[in-house]
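Colleague: Here the structure of chain A is known, so what remains is to put chain B in place on it, guided by the hints.
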Amino acid sequence: MMRITNKMINTNYLSNLNSNLDNLNNLRQKAAAGRSYLKASENPAAALKAYQVRQNLSRISLYQNNVGEAASIMTEVETAVLELNSTITSISENVTRGRSGNYSEQDRANIAEVLSNFQLELFDIANYRSADKYVFGGSKMLEPPFNLESGVLYYHGIDVNSNTGFDESSIYYDIGLGLKTTASGQIKEGTAFNISFPGSEVFGTGTDTNGLPNNIFNLVGKMIEAFNTNDLSNLDSYVDKLESIAENITVKLVDVGQKSSFLSFLTERLAGNEFNATKKQTEIECIDAAEAIVNFNTQETAYLAALAMGNKLLQYSLLDYMK
Amino acid sequence: MGSSFTGLRIAQSALAASQICLDVTGQNIANVNTKDYTRQSAELNAVNYNNSVSKFAQPPATNKGQGVTVAQIAQIRDKLLDVKVRNCHSNYNTTSVILSGLSDIENVFDETDNSGLNAILGDFYSQLQQLSNNAGNTGYASMTRSAAQKVCQVFNQYASQLSQIRDEQMASLEIAVEDINTVISKLNEVNTQIKDQSVRGSISNELLDDRNSYLDTLSKYMNITVTAQNDGTVKVSSTGNADVLDSTFSISQSGDQVVIQRTDTGGTLADFLPDEGTVAGCLHILNGAGTSAAAGESSFTGLLYYNRALDNFAAAFAGTFNKINTLDPAAPANLFTGTTANNISISEQWYADANYIVVADTGTNDNVIKMINAMEDEVDETIYPGITGNFEGFAKTLMDTIAIDTGYYKDINDMNKAILTSAANQRESIMGVLVDEETVNLISYQKAYQAAARLMTVMDETLDVLINRMGVVGR
Numbered sequence: 001m002m003r004i005t006n007k008m009i010n011t012n013y014l015s016n017l018n019s020n021l022d023n024l025n026n027l028r029q030k031a032a033a034g035r036s037y038l039k040a041s042e043n044p045a046a047a048l049k050a051y052q053v054r055q056n057l058s059r060i061s062l063y064q065n066n067v068g069e070a071a072s073i074m075t076e077v078e079t080a081v082l083e084l085n086s087t088i089t090s091i092s093e094n095v096t097r098g099r100s101g102n103y104s105e106q107d108r109a110n111i112a113e114v115l116s117n118f119q120l121e122l123f124d125i126a127n128y129r130s131a132d133k134y135v136f137g138g139s140k141m142l143e144p145p146f147n148l149e150s151g152v153l154y155y156h157g158i159d160v161n162s163n164t165g166f167d168e169s170s171i172y173y174d175i176g177l178g179l180k181t182t183a184s185g186q187i188k189e190g191t192a193f194n195i196s197f198p199g200s201e202v203f204g205t206g207t208d209t210n211g212l213p214n215n216i217f218n219l220v221g222k223m224i225e226a227f228n229t230n231d232l233s234n235l236d237s238y239v240d241k242l243e244s245i246a247e248n249i250t251v252k253l254v255d256v257g258q259k260s261s262f263l264s265f266l267t268e269r270l271a272g273n274e275f276n277a278t279k280k281q282t283e284i285e286c287i288d289a290a291e292a293i294v295n296f297n298t299q300e301t302a303y304l305a306a307l308a309m310g311n312k313l314l315q316y317s318l319l320d321y322m323k
Numbered sequence: 324m325g326s327s328f329t330g331l332r333i334a335q336s337a338l339a340a341s342q343i344c345l346d347v348t349g350q351n352i353a354n355v356n357t358k359d360y361t362r363q364s365a366e367l368n369a370v371n372y373n374n375s376v377s378k379f380a381q382p383p384a385t386n387k388g389q390g391v392t393v394a395q396i397a398q399i400r401d402k403l404l405d406v407k408v409r410n411c412h413s414n415y416n417t418t419s420v421i422l423s424g425l426s427d428i429e430n431v432f433d434e435t436d437n438s439g440l441n442a443i444l445g446d447f448y449s450q451l452q453q454l455s456n457n458a459g460n461t462g463y464a465s466m467t468r469s470a471a472q473k474v475c476q477v478f479n480q481y482a483s484q485l486s487q488i489r490d491e492q493m494a495s496l497e498i499a500v501e502d503i504n505t506v507i508s509k510l511n512e513v514n515t516q517i518k519d520q521s522v523r524g525s526i527s528n529e530l531l532d533d534r535n536s537y538l539d540t541l542s543k544y545m546n547i548t549v550t551a552q553n554d555g556t557v558k559v560s561s562t563g564n565a566d567v568l569d570s571t572f573s574i575s576q577s578g579d580q581v582v583i584q585r586t587d588t589g590g591t592l593a594d595f596l597p598d599e600g601t602v603a604g605c606l607h608i609l610n611g612a613g614t615s616a617a618a619g620e621s622s623f624t625g626l627l628y629y630n631r632a633l634d635n636f637a638a639a640f641a642g643t644f645n646k647i648n649t650l651d652p653a654a655p656a657n658l659f660t661g662t663t664a665n666n667i668s669i670s671e672q673w674y675a676d677a678n679y680i681v682v683a684d685t686g687t688n689d690n691v692i693k694m695i696n697a698m699e700d701e702v703d704e705t706i707y708p709g710i711t712g713n714f715e716g717f718a719k720t721l722m723d724t725i726a727i728d729t730g731y732y733k734d735i736n737d738m739n740k741a742i743l744t745s746a747a748n749q750r751e752s753i754m755g756v757l758v759d760e761e762t763v764n765l766i767s768y769q770k771a772y773q774a775a776a777r778l779m780t781v782m783d784e785t786l787d788v789l790i791n792r793m794g795v796v797g798r
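Taken in sequence, the protein lines are chains A and B. Anchor point for the first sequence: position 71 equals 71 in this note's numbering, and the numbering is continuous, going up by one each time. Add 323 to the 1-based position in the second sequence for this note's numbering, that's all there is to it.
In isolation and in its complexed conformation, chain A is listed as follows:
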């Protein structure tokens, strides 16, 4: 049997009391902070997961932000292209009207007037601006892409009738598709979202084999000229050209629509991911309030019991019972 000496009782009692108090303090801090651990070393496995989840959450909110921005640009592009479409329809109607044989020269001049208003409208659409961005600015969205100088239309300084030299590079948004670059440092298509809709592609550049301008603004210019001079000999080919341009724009519209719906799909998925990650974070990092308080109370009882016991343990010795 072990001898239990007075010093042993004192030391052990004090050290136990101290560790009780330490536990009590620890549990109080946890309950107050609402955390299941206060330092990563208390639960490295959980902390490791928690750091990962936190990064996920911050990425998700970043992607949500990027997807939101991309989606709002897509909406603006869609609006602009729809407007473009309806303007073309109106142009087409007016041209059809003006072609009919019973229109006088004056009437045709009026049509030319109407068409030149539409032409200006086209120019406005081409320089459509949402917030601080020109949606058809291509890779340079901060400056107006088109400008008109003495009747010649320029796209970022290049005459739209020239066949080459247009900057049709992309602007990529990272929306969580796993951004990758090629060995040469170029971004791999499909790993980021391209929000660039170069006006050169939408409105057309260069001339076709028949010498007709691919650009709708310039084509309408030709039509206006035809009506002004009352020379409708080439109008048929103009109208055909307008139709093919309109078709091209419809394709663009579908393209934008697809992109928009992809973005809204992503928005939903990201919201789901965010919910899951937040839930996970709560599970890992947060402590159940009821559990925290029960733990604290249990420990408090243990501490009080230890205090009460010390009173009994340390007070008496054989001397108290000697005569």
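For the record, the hints were derived by calculation from the structure and aren't laboratory data. This one's a predicted model, so the numbers in the text were calculated from it and none came from an experiment. Keep in mind that a hint or two might mislead.
[What the hints assert, rightly or not] Below, in silico cross-link-like pairs of lysine to aspartate or glutamate (DMTMM-like), each with a Cα-Cα straight-line distance of 25 Å or less:
id: 1; chain 1: A; residue 1: Lys-7; chain 2: B; residue 2: Asp-533
id: 2; chain 1: A; residue 1: Lys-188; chain 2: B; residue 2: Glu-704
id: 3; chain 1: B; residue 1: Lys-646; chain 2: B; residue 2: Asp-734
id: 4; chain 1: A; residue 1: Lys-30; chain 2: B; residue 2: Asp-684
id: 5; chain 1: A; residue 1: Lys-30; chain 2: B; residue 2: Asp-533
id: 6; chain 1: A; residue 1: Lys-188; chain 2: B; residue 2: Asp-734
[As the list claims (entries may be wrong)] Partner residues aside, some chain B positions facing chain A, computed with beta carbon under 10 Å:
id: 7; residue: Ile-333
id: 8; residue: Gly-445
id: 9; residue: Gly-755
Even glycine gets a Cβ: it sits at the ideal position worked out from N, Cα and C.
Modeller: Chain B alone, transformed into the frame defined by chain A:
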């Protein structure tokens, strides 16, 4: 036939012995709370009949004892338990110093309820994204710049916190070494006194207590082996058979490593690396280079590891972004200057002009995308050794490593503490004073004293009969 006065002699020896026993009990009670006091007990021996005159004679059958004598005042102490307690002391102090060092480092890296390197890198990443979405906008460029500045500041802050921890560890190592030298000189002094007393015949128990107390203190600083010598002194040796009492210890620096040196009385200098104890713990924390350890360096994951990792990290971070920002290798356009965590900062050019960061190479925002990509991609270990994963990943790795190590040492330290407590209790159980026991002794020695006094009276009365009343018949 014994002498007539034998009884008186026996009674007198009993009185004297009880007196001594009472005094020893008094000493024990007086020292019930004295630190490192060892319980004493008077060893009583019965005195036997020994008559050298009757060497060749047949001893009488009525041969009886001659009373009691106090052989020695012994210390009740178990040497094996001393060894055990001192080993436990060394082990516990190793882990407790390591734990406190690691906890300090953990406080630097831990981001459980505050934001540090990982969060700031995440911020920088978000700002790059914003810049990429708003290419050409100076406002976003300058926000990116301030995020980068914060990253640099966090590197600087971590580096300065680590160097502060290093200073603290060095200070505690210096104090330990100073203390060791003091304890050694005290031990040598006690050894000399004990040797003197030993020559004169008896060694005082209190002096032995002193020596044990010093040895206990020394065992906190290093692992020791105590060997008793014939002249009553002890020899203390540590790792590598180093004769501790023959040495003076000092601290010196060799490259990145802190070294403890030992000078013996002959003046010879040698490196000293104890296996356990405060000194070993401090050296682990200070010198531990972890995975970056070169030959001859400690592979413990300590301060040196984190220092180097942070420096590599800062260099890789600065290098990677400088490289992307430089379109023409002939004309470097550096975003960051500095190659260590301590001196990394954003370059003067960038500081002067937020748009110094190259957003576009061939496209609109393709260069920023490359930077974003560089945050996502694994760092090329062939260019920047020691960095695993991407930047944020590596920051996490550092946090994980320190958290896991700290957690591990917390457990080990708790275990060592429990073992130490149990060993110390075992020792205390043998050498400690128990008041109840001393009270019982007090009563029994008092009774013995009273009985011896009564014996004296009985002898007195017996002799009175013999001398005064014998042969007086009919007088």
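Colleague: When the hints from earlier in the document are held up against this structure, which numbers fail?
Modeller: Result: hints 3, 4, 5, 6, 7 break, sorted rising.
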